[in-house]
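There are 2 protein chains.
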Amino acid sequence: MKEKFQIYNTLTRKKEVFEAINPPHVGIYVCGPTVYGDPHLGHARPAITFDVLFRYLKFKGYKVRYVRNITDVGHLENDADSGEDKIARKARIEQLEPMEVVQYYTYRYHKFIEMLNVLPPSIEPVASGHIIEQQELVEKIIENGYAYESNGSVYFDVEEYNKKYIYGKLSGRRIEELMENTRELAGQEEKHNNVDFAIWKKAGPQHIMRWKSKWSEGFPGWHLECSAMSTKYLGYKFDIHGGGMDLLFPHHECEISQTVAAFGQESVKYWMHNNMITINGQKMAKSLGNFINLEQLFTGNHPMLQQAYSPMTIRFFILQAHYRGTLDFSNEALQAADKGLQRLFAGINTLEKLKTSDKSTVNINELSSLCLEAMDDDMNTPILISHLFDGVRMINSVAAGNESLTQEDLSKLKKLYGDFVTDILGLTDEKSGLGSDSLLKEVVDLLLHVRMEAKAKKDYATSDKIRNNLTAMGFEIKDSKDGFDWELP
Amino acid sequence: MKEKFQIYNTLTRKKEVFEAINPPHVGIYVCGPTVYGDPHLGHARPAITFDVLFRYLKFKGYKVRYVRNITDVGHLENDADSGEDKIARKARIEQLEPMEVVQYYTYRYHKFIEMLNVLPPSIEPVASGHIIEQQELVEKIIENGYAYESNGSVYFDVEEYNKKYIYGKLSGRRIEELMENTRELAGQEEKHNNVDFAIWKKAGPQHIMRWKSKWSEGFPGWHLECSAMSTKYLGYKFDIHGGGMDLLFPHHECEISQTVAAFGQESVKYWMHNNMITINGQKMAKSLGNFINLEQLFTGNHPMLQQAYSPMTIRFFILQAHYRGTLDFSNEALQAADKGLQRLFAGINTLEKLKTSDKSTVNINELSSLCLEAMDDDMNTPILISHLFDGVRMINSVAAGNESLTQEDLSKLKKLYGDFVTDILGLTDEKSGLGSDSLLKEVVDLLLHVRMEAKAKKDYATSDKIRNNLTAMGFEIKDSKDGFDWELP
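Residue numbers (this note's numbering), protein chains in the order written: chain U, 1044 to 1532; chain S, 1044 to 1532.
Some hints could be false.
Note: identical chains are not told apart, hence a pair may lie in one copy or across any two.
[Stated by the list, open to error] Below, simulated DSS-like cross-link-like pairs (lysine-lysine); rule was C-alpha separation at most 27 Å, straight line:
#: 1; residue 1: Lys1255; residue 2: Lys1275
#: 2; residue 1: Lys1255; residue 2: Lys1280
#: 3; residue 1: Lys1045; residue 2: Lys1500
#: 4; residue 1: Lys1521; residue 2: Lys1484
#: 5; residue 1: Lys1484; residue 2: Lys1326
#: 6; residue 1: Lys1234; residue 2: Lys1484
#: 7; residue 1: Lys1382; residue 2: Lys1106
#: 8; residue 1: Lys1396; residue 2: Lys1057
#: 9; residue 1: Lys1183; residue 2: Lys1047
#: 10; residue 1: Lys1255; residue 2: Lys1396
#: 11; residue 1: Lys1280; residue 2: Lys1508
#: 12; residue 1: Lys1458; residue 2: Lys1474
#: 13; residue 1: Lys1312; residue 2: Lys1045
The set of hints was computed from the structure by calculation and includes no laboratory data.
This one's a predicted model, so the numbers in the text were calculated from it and none came from an experiment.
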């Protein structure tokens, strides 16, 4: 079957039909976190976006190798930095070994991202674990004439590269403007040109994370790890490279240049970028006091939060927007997402109890096609979700007796929600832990049986007491012809 | 205060008072898993043993840096191996990149070890992430004259080392016997002597995990990573090195030799080894069909298991034996541990409800001293647990009105159980998730109130129905003067 899945390719600035290089295998590389701080919303969005891509490709039958890295070294804020990277600075403040900081925040990242039901990637390489591979890449780039050593550091020669290739092809930036606009910063005198960037950096005496090399004791430039690790684990040509839009320039631009300079060809077929997150319309920044990490979101422990929001509410909220659009967090929007998610799972619970007829008055095949079309259209999850809500209305109509379904169509509909809600969107019913807790269920059922018997004996004091108390605890009791039904709303 | 904590030092074969090298800092290095298979009982025991050591030293106020490595490369079964290590072989079978196998089993290790309430270590370095450090160590050892290159591989020269130092000092093995008894295996001809071991191994053409070096494209010998990573993160002299007794020889023996050969001194002050696990008296081995992994234990899904055993039952069972004794797993022993653990937490639950008097007839300070003495005696957790059970008997006597406690003593007793059970032994009440589930509690309380009223009205049919049904669900209903009490046994 011909693939209908279209992906917006940042490189070509248009949607393209996805064609795997070596089907059924697909290689994906996504830029993961720099582990020097707690995971926050800015980590959650790419993790969830590319988790859905991973899940959708697997759903389509591809064998996916998904590589998501951990940056634990070499993430300089700018080249004028004293040579101490973000992780090392944090370590000195806390009087810790940098690797202790790395371990702590990697653990926290895994913990909170897993709560968002993000699947672990196939390989999770760390920058400090690939120093040799990065040094080899530096050697190749020097050999090919696109980098030069200067005072123990090695810089990528952007101007030289641009004579043969195009620096700026991904971001659309023009090198002439970049060369004019790049500010002169302290510590730049080692470079031939301000736009040049470090691929190996000599370590200052205070720098803890350092490795021997033929140029100096130092550490790799930040951009280098992704060129080295993506090609190591996915080959010189692989399918998809993803990341946040904030990484498009300079990180991904430099990554392309390095890979081309080393291997003579680009490695990535489709570049995908998720857009950014704002909080009440503002950029998220520590200085603005609107920096909310995932733990704070899940516990509600932040001055800007009116309540706690569950991991699935956050996941659903993120998926309600298309990944290429900006996404604005607010209490109102999160509360609306929470209600929507509950409505979706209430529909799925109703679906489980539907009775069938000998004919269908609703069109399940059409609904299924629409859901697929939405995902095939550059992972349009908001459209997919709106179709799933149309399906919920259909389910409720069947439950009310206004529409009907055959057994075959009911099975199809259950499969549809299993496929799209559970497998592809990765949403789980957080309430079901309670609702399906067999012990609680048994005890409540016993209590309602006692109530029915009390009513039969006209002992209304007892039956009312039970009903009122259960209602106060949040149970919704529904009397029916056959007896009773109840749920935790 | 003078330290009373005694540790059995495998090196000196006696208990020694623990004296930190740089108090309040303590450095611990423990050999972690080789991630080419699912975590099993053999992984659980060292993880729990050294978790308790980590917890106890922190409880005593030390600042502990606990390094536990992950072996993801270079673990040769023997030097005659074709050059393909365990992880690479598994990868080829599964048609996977070795790092995919590493990621999968590392994830599974973390997941199941965390269920056992083992704290994450401060740093968790991986062998493949420290190739440069290992190569530097090889260079040092060659420079110092204790290793030689042969056909692209580098071997440690045991005989030369033994001229100045003692090879065998940790394990007590004599080099003469080792030289006589080491069998001649294929692929050994590169070595000067059969007891020599590889510190760098040239990779065969089929070997996937390989790195460039001045000797060959290859990979480090298994023993080397621990010498390199322990000294990197803890310094050339650190406090404690732990691991399973199966690692004592050759792994730890070789580790000492490498470190001494490179740095001229031993790095470890106290060597600690946990003993092995047997299953119904037999060694655990895949060929014997008695190989039980942690997931099987937790689910009961193994022909030898009569039931599932919870993570806390496994942890408690392991702690009921001293870490230096062998430990035999059987259904009977695990069921006994499960009962014991329930009795311990039933006591703690009773403790929470104790009423105080104006005088104490029991001696809490003495109990506290006994608990500390047990832990100070080379982490004698079985003795500690027996004292905690004495405390439970004390608690039950106070609850029954046969003994009494002041408010101050009650606070001390609560702190004692918090310190020793929760913080040091790391035991949690798995049932409390249910027992303290406020909704379940409310519903059961309501049901029992209805039952009391039914009894008051002499409606024994209703009150018996409630009681019988709750009992059938596993609740234990206790009528008391004031009303009722219940628990989930």
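Verification of the supplied hints:
no.: 1; hint: Lys1255 / Lys1275; verdict: both (21 Å within a copy, 14 Å between copies)
no.: 2; hint: Lys1255 / Lys1280; verdict: between (30 Å within a copy, 23 Å between copies)
no.: 3; hint: Lys1045 / Lys1500; verdict: neither (67 Å within a copy, 74 Å between copies)
no.: 4; hint: Lys1521 / Lys1484; verdict: both (15 Å within a copy, 22 Å between copies)
no.: 5; hint: Lys1484 / Lys1326; verdict: neither (45 Å within a copy, 44 Å between copies)
no.: 6; hint: Lys1234 / Lys1484; verdict: neither (70 Å within a copy, 69 Å between copies)
no.: 7; hint: Lys1382 / Lys1106; verdict: neither (36 Å within a copy, 46 Å between copies)
no.: 8; hint: Lys1396 / Lys1057; verdict: neither (44 Å within a copy, 68 Å between copies)
no.: 9; hint: Lys1183 / Lys1047; verdict: neither (39 Å within a copy, 58 Å between copies)
no.: 10; hint: Lys1255 / Lys1396; verdict: neither (66 Å within a copy, 62 Å between copies)
no.: 11; hint: Lys1280 / Lys1508; verdict: neither (69 Å within a copy, 70 Å between copies)
no.: 12; hint: Lys1458 / Lys1474; verdict: within (21 Å within a copy, 35 Å between copies)
no.: 13; hint: Lys1312 / Lys1045; verdict: within (18 Å within a copy, 66 Å between copies)
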